[in-house]
Amino acid sequence: MNILTPILSLPLLLTALLASPASAADSANDGDRALLLGTTTSVENSGLLGPLLDAFHDDTGIEVRAVVRGSGAILQLGRSGDFDVVLVHHPNAEKAFIADGHGAARHLVMTSKFMIIGPAKDPANVRTAPDVAGALARIAGGPFAFISRGDQSGTNAAERSLWAIAGLSPWADRTRWYRETGSGMGATLNMASALSAYTFTESGSWNSFSNRGDLEILFAEGPRLANPYSIIPINPERHDHVAAGAATRLVDWLTGPAGQSFIAGFQIDGTPPFISVR
Amino acid sequence: METFVTAFSEAGALLVSFDRDFLSIVGLSLRVSLSAVALACLIGFPLGAFVALARFPGRGFVILLLNTFMGLPPVVVGLIVFLVLSRAGPLGVLGLLFTPAAMIIAQTILVTPIVAALTRQIVADLWVEYGEHLRSLDAGPVTTLTTLIMDARYSLTTVVLAGFGRAIAEVGAVMIVGGNIDHATRVMTTAIALETSQGNLSTALGLGIVLLLLALTVNAAVQIINTSAGKRAALA
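The listed protein sequences derive, respectively, from chains A and B.
If you count the first sequence from 1, position 3 lands on 3 in my numbering, and the numbers rise without skipping.
Plus 1000 on top of the position in the second sequence (first one is 1) and you've got my numbering.
It cannot be assumed that every hint is accurate.
Here are the simulated distance ranges between beta carbons [unchecked claim]: (1) 1002(B) x 271(A): 20 to 28 Å; (2) 1019(B) x 59(A): 21 to 29 Å; (3) 264(A) x 1005(B): 34 to 42 Å; (4) 54(A) x 1093(B): 57 to 65 Å; (5) 125(A) x 1067(B): 57 to 65 Å; (6) 61(A) x 1125(B): 57 to 65 Å; (7) 1079(B) x 241(A): 19 to 27 Å.
Reference listing, derived: stretches of chain A covered by chain B, where coverage requires no fewer than 3 residues with Cβ under 8 Å from a Cβ of chain B [to be verified]: (8) 78-90; (9) 137-147.
The hints are simulated quantities; they were obtained by calculation from the structure and are not laboratory data.
Ideal Cβ positions, reconstructed from N, Cα and C, are used throughout, including at glycine.
Turn these sequences into a full structure, and let the hints steer you where they fit.
So this is what it looks like as structure tokens:
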């Protein structure tokens, strides 16, 4: 038996671990499983998501598990039926999602503010631009380094539509000053911070971001910078496994007085990153 | 530089805090990776030994495949497992996506080729050494296999550790199939990715230090078991 010890003890120990009840048996198919929510990085990075879902759990007893990706990716997963409900900020893609029958309706939950951030010295003079399209044109006119998400997220879609209003499409021009990270808001902000470059973000992600370096908010006002978040339950007629009842309760709670007052009262360092809609 | 200094104090604070969230993340990391390594050994040891000893057509190609798959990119494995387990995929009805089970499956696929390919090499080398002797004793296939694996047990421990290193360190596969869900599928590596994305670089690095300490502990435990077993075997 002595010789066997090293070779057998490890796998046996491991198999015992594997057999622990909480392990492979976590199938999502049992009766009162947790509600699966797909949502976007800004909602999580702001720190709102955890406490908001805890408050919902306290009120209703429903546990929510959240998976976080860009809005484009979340809607794609929603089409496959991998979520029960999605909370995203990509109005055009949301409308297409509804039109294709993947969700019955979208419900406005809150808004945040898109913003241009960049080096405090502001070499492109974005601060004094008349509007957001003019601000982007000044960055392109330099040109000064600009970091874009480039990942089909809601923020990326909003950024591109603003470039289009300015009559520009730098992502198509193979320019050196416009760089697409192809990754999340956090990775993009880290890169902008390391390079002292301009970038486009929104208040939820920015207010809670720590590694700012010399970056500051340079342009954040105007009607075009509103960032609406909507919740869409996945259509149970398309995917009969979705927890439609619990999803409806989450929608009602978020758009009702309890959820709305929670969002309105949520602050980071004294600033509310999200504005409730009621 | 300041980040590095803060990182060490963050790591220390995490370790002494016994914070429940933190411990559950560490626990899940160990559970997922150790389970994957155990499954990979159950498949990889016999598979590697079989390929080393058996002679069949296409054997060279199987060896080439095993060696190549040691370099499977975690993000590709994650994507494939994701597509299979997605509700739109062939095994979607199981509802395994975004659960620890999905993470164990993905890591098992990553680790199995490492275990099988290294086992094959070790057993093949031993066969060169002892094959003649075993044949002269007229040993059957079971005796042959048992004898060779017994003889290779210390080398095979290193194989297990190589597989564990691969599993505990990867982020690409568990991020895609697990979804980094708080209190459900968040492990050390995905937590580090999340903290980095929030710009909390010293916390992220602190978690990285803890992860290294974790790997160190597992390796030290195996080394101690090995050394003491070796001493006992020598005395026997």
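Structure-based check of all given hints:
Here the CB-CB span from residue 1002(B) to residue 271(A) is close to 25 Å, well matched to the stated 20 to 28 Å. Between residue 1019(B) and residue 59(A) the beta carbon distance is about 26 Å. The supplied range of 21 to 29 Å therefore holds. Remark: the range hint 34 to 42 Å for residue 264(A) to residue 1005(B) is upheld by a beta-carbon distance near 39 Å. Here the CB-CB span from residue 54(A) to residue 1093(B) is close to 31 Å, at odds with the stated 57 to 65 Å.
Range check, residue 125(A) to residue 1067(B): Cβ separation about 58 Å, and the 57 to 65 Å hint holds. For residue 61(A) and residue 1125(B), the Cβ-Cβ distance of about 60 Å falls inside the hinted range of 57 to 65 Å, so the restraint holds. Taken as a hint, the range 19 to 27 Å holds for the pair residue 1079(B) and residue 241(A), whose Cβ atoms sit roughly 22 Å apart. Counting residues of the region 78-90 of chain A whose CB lies closer than 8 Å to any CB of chain B gives 4, which reaches the minimum of 3, so the coverage claim holds.
Residues of the region 137-147 of chain A with a Cβ under 8 Å from some Cβ of chain B number 0, which does not satisfy the need for three, so the listed coverage is violated.
Hint compliance for this structure: hints 4, 9 are not met, and every other hint is.
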